[in-house]
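Protein sequence lines, in the order shown, are assigned to chains A and B.
My numbering applies: residue 982 is where the first sequence begins, and numbers increase by one.
My numbering applies: residue 982 is where the second sequence begins, and numbers increase by one.
Calculated from the structure, these hints are not laboratory results.
Remember, it's a predicted structure, so these values are computed and weren't measured experimentally.
Check before you lean on any hint, since a few could be wrong.
[To be verified] Example chain B residues on the side facing chain A (calculated, C-beta under 10 Å, incomplete):
no. : residue
1   : Ile1017
2   : Ser1019
3   : Pro1023
4   : Ala1079
5   : Arg1082
6   : Leu1112
7   : Ser1115
8   : Ile1155
9   : Thr1177
10  : Arg1183
[What the hints assert, rightly or not] Below, a list of computed lysine-lysine pairs in the DSSO-like style, where the Cα atoms sit at most 27 Å apart:
no. : chain 1 : residue 1 : chain 2 : residue 2
11  : A       : Lys1077   : B       : Lys1192
12  : A       : Lys994    : B       : Lys1077
13  : B       : Lys994    : A       : Lys1077
14  : A       : Lys1188   : B       : Lys1147
15  : B       : Lys1057   : B       : Lys1036
16  : A       : Lys1336   : A       : Lys1299
17  : A       : Lys994    : B       : Lys1057
18  : A       : Lys1058   : B       : Lys1188
19  : B       : Lys1057   : A       : Lys1188
20  : B       : Lys1313   : A       : Lys1077
21  : A       : Lys1322   : B       : Lys1057
22  : A       : Lys1322   : B       : Lys1077
23  : A       : Lys1077   : B       : Lys1077
24  : A       : Lys1070   : B       : Lys1002
25  : B       : Lys1297   : A       : Lys1147
26  : B       : Lys1336   : A       : Lys1322
27  : A       : Lys994    : B       : Lys994
28  : A       : Lys1147   : B       : Lys1188
29  : B       : Lys1058   : A       : Lys1322
30  : A       : Lys1188   : B       : Lys1070
31  : A       : Lys1070   : B       : Lys1297
32  : B       : Lys1322   : A       : Lys1077
33  : B       : Lys1246   : B       : Lys1297
34  : A       : Lys1147   : B       : Lys1336
35  : A       : Lys1147   : B       : Lys1057
36  : B       : Lys1002   : A       : Lys1336
37  : B       : Lys1310   : A       : Lys1322
38  : A       : Lys1322   : B       : Lys1147
39  : B       : Lys1288   : A       : Lys1057
40  : A       : Lys1002   : B       : Lys994
Heads up, the beta-carbon is just placed ideally off N, CA and C, and yes, glycines get one too.
There are 2 protein chains.
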Amino acid sequence: MTEKIKNPINNRKEITINKLKGLGQSIIEDVENKEIPSLKIPSRGTGNIVYDENKRYYVLGDRYGKRSLGNVKQIKKIGQMMYVSNFCKDLVNREKTATLREMYYVSEGWGMSFSDQNESNILAEDLEVTLGASREDLGLMPEEDGASVYGNITLQEGEVEINALKSGKSGYTISPTIDEVDFVDHNVERVIAVETMGMFHRMVQEKAYDKFNTLIVGLKGQAARATRRFLKRVSTELKLPVYICNDGDPWGFHIAMVIISGSAKLAHVNHDLATPDAKFLGVTASDIINYDLPTDPLKEVDIMRLKELAKDPRYKNKQWQNEIKKMLKIGKKAEQQAFSKYGLEYVVDTYFPEKLENI
Amino acid sequence: MTEKIKNPINNRKEITINKLKGLGQSIIEDVENKEIPSLKIPSRGTGNIVYDENKRYYVLGDRYGKRSLGNVKQIKKIGQMMYVSNFCKDLVNREKTATLREMYYVSEGWGMSFSDQNESNILAEDLEVTLGASREDLGLMPEEDGASVYGNITLQEGEVEINALKSGKSGYTISPTIDEVDFVDHNVERVIAVETMGMFHRMVQEKAYDKFNTLIVGLKGQAARATRRFLKRVSTELKLPVYICNDGDPWGFHIAMVIISGSAKLAHVNHDLATPDAKFLGVTASDIINYDLPTDPLKEVDIMRLKELAKDPRYKNKQWQNEIKKMLKIGKKAEQQAFSKYGLEYVVDTYFPEKLENI
């Protein structure tokens, strides 16, 4: 593959600006039409979060709330939303970003400040939902960086071209502004994401990138939004299969599932973040048995969590149901690094090849 | 500066192998001399941790314990230490690394396994202290990666040359194997480390690397060992002044102080990790007053912590004592990002220049 892959979302900036302008325009129009200005804000309550069987992730339903300048209690909220929108428009125009924390401090100068940061965070989320834009599009960046990536992919960030084989042993770090990155070129057949940096470094040392012609992604626990966006983009834009290998316990399962089918809390942005074609590669309860792995007994909290997962629509396929039942039956869990029982190289030399073949 | 800077520690591998061999040799000699084999292990108890006024960090005193094969209770511990030493020798010889977690699982095959990972961790620390080698020298890597670095420095990791201006917006990530990295070239006058990635991204966006001719280091809270080692190396090998700017609260103070004067717990490796010439740049209690920053009231736990710090030998200079007293007096703390009250650019355009001039 040699031709440059166009990032189909480079017009996101323009779309966002138009959405922000449209919001202000709608208020102006209400005034001009001598109507009381109001805004429709889609509901994020649990009753309005729906698992979409076709899309294979949670989406928002069509319920919404109305905020009106005719309601004294809502005047301040609408004013704040206008200020936040204006702040975001300025960010996007100047190609800057700010953290939610910074916005909270900036808001001190607005004359209608928030009582605490929780309030300004919720208002930023209101704006996301109302516009159907992600907070990253609005220039509001999470504090946290994304995963580490190692392997033969070339990315472009502004003027700079980066190859993730040549970024050092800890690889290329996915930045919160991942949507401004272009995929220039790559020479891999797949992506394998692992839960811990311990396993990431193991795979780099054992040259897994070469053996499996793969990108290696070190998730560092629960995947950051930027990581989920990166995986979504390699899946849809580069058509690469994505595999996720985590610890064999309910928490590892769910780190994978949030990448695959998104979270309920972020139903309004799952279309940007969920990668329904990504596959869970292990560690499964079957692996624990087949590889005779060192284990820890399930704790009460693990058992409760597994039972919750069994009822979750995202886990309803037969394979997941079987694995959850099996783990409850054996009463044991195991970590990725447990394969070291058979030597440091075993996980790359034996386990991964067998799992990839079986999938 | 154009000539390549030699990494003076590239013979660390050889030194470590010799230390490991020496340990085995001492046991063999005891046997040959028909003496009961024993080992001297320096004590890490609080009574043996001493603040060294000249070195300006904690060191271990000269107390030690003895482990002897003549003591039935100690036989297993000595056997385990031989296995761990052998495992480490193998790692260093093959230029591999393992996490403590991996070593714990590997030990399952030794026939004298540990009852839990805490036990194997402590034994690895025993080995560090006994040999006077760091766990990284022994190939035992922490899980966690180090800080993010942005700015004009060129590093060499194996065959790969990396420039930290060209590694993407999140910069170059310091890997746990930082001692295998050579400093090739740089064009900076100083290093500024900041506590949060929010502030790191702010500084990158405002081109602080250019304005202050500086490396920007994003600590991500408490600095990882690899980060401390990196800062030590830029301070001693490149002779660059290191400044640390954290939140204005006891936790921010102490993140800086652990970089400057090391921790008591790691007294045995502070000679590799502490950077006594590094300077705390803020946020101070004086800054809170002078810049009229948005604040939060000190909590009970903050007050207790400040009083602890006041008695800590690392904080005994007048400046620290004054700032601690002042913070207790005003009863307030402030975050780095609080400068956004005056606009996103203020911290780079106004605060840092004023602080750097005053230092």
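Against the 27 Å threshold, does the CA-CA distance of Lys1077 (chain A) and Lys1077 (chain B) hold or violate the hint?
Distance ~41 Å between Lys1077 (chain A) and Lys1077 (chain B) Cα, so the pair is violated.
For the pair we were handed, Lys994 (chain A) and Lys1057 (chain B), check the Cα-Cα distance against 27 Å.
Outside the cut-off at roughly 65 Å; violated.
Sort out whether Lys1077 (chain B) lies within 27 Å of Lys1322 (chain A), counting only the CA atoms.
holds, 17 Å
Measure nothing beyond the straight line between the CA atoms of Lys1057 (chain B) and Lys1188 (chain A); if it is 27 Å or shorter, mark the hint as holding.
Violated, because 36 Å separates the two Cα atoms, which is more than 27 Å.
For Lys994 (chain A) and Lys1077 (chain B), compute the direct alpha-carbon distance and say whether it is at most 27 Å.
violated, 45 Å
Can you confirm whether the C-alpha distance between Lys1322 (chain B) and Lys1077 (chain A) stays at or below 27 Å?
holds, 17 Å
Going straight from one Cα to the other, do Lys1288 (chain B) and Lys1057 (chain A) come out at no more than 27 Å?
Distance ~42 Å between Lys1288 (chain B) and Lys1057 (chain A) Cα, so the pair is violated.
Is the interface hint satisfied for Ser1019 (chain B)? The criterion is a beta-carbon contact with chain A at less than 10 Å.
Nearest chain A Cβ about 31 Å off; hint violated.
Would you settle whether the hint for Ala1079 (chain B) is holds or violated, based on the nearest Cβ-Cβ distance to chain A being less than 10 Å?
holds, 6 Å
CA of Lys1297 (chain B) to CA of Lys1147 (chain A), is that 27 Å or under?
violated, 45 Å
Below or equal to 27 Å on CA atoms is what counts here, so check Lys1070 (chain A) against Lys1002 (chain B).
Violated - the C-alpha atoms of Lys1002 (chain B) and Lys1070 (chain A) are around 65 Å apart, more than 27 Å.
Would the pair Lys1246 (chain B) and Lys1297 (chain B) pass a check requiring their Cα atoms to be no farther apart than 27 Å?
holds, 19 Å
In this structure, the hints that do not hold are numbers 1, 2, 3, 6, 7, 12, 13, 15, 17, 18, 19, 20, 23, 24, 25, 26, 27, 31, 34, 35, 36, 37, 38, 39, 40, in rising order.
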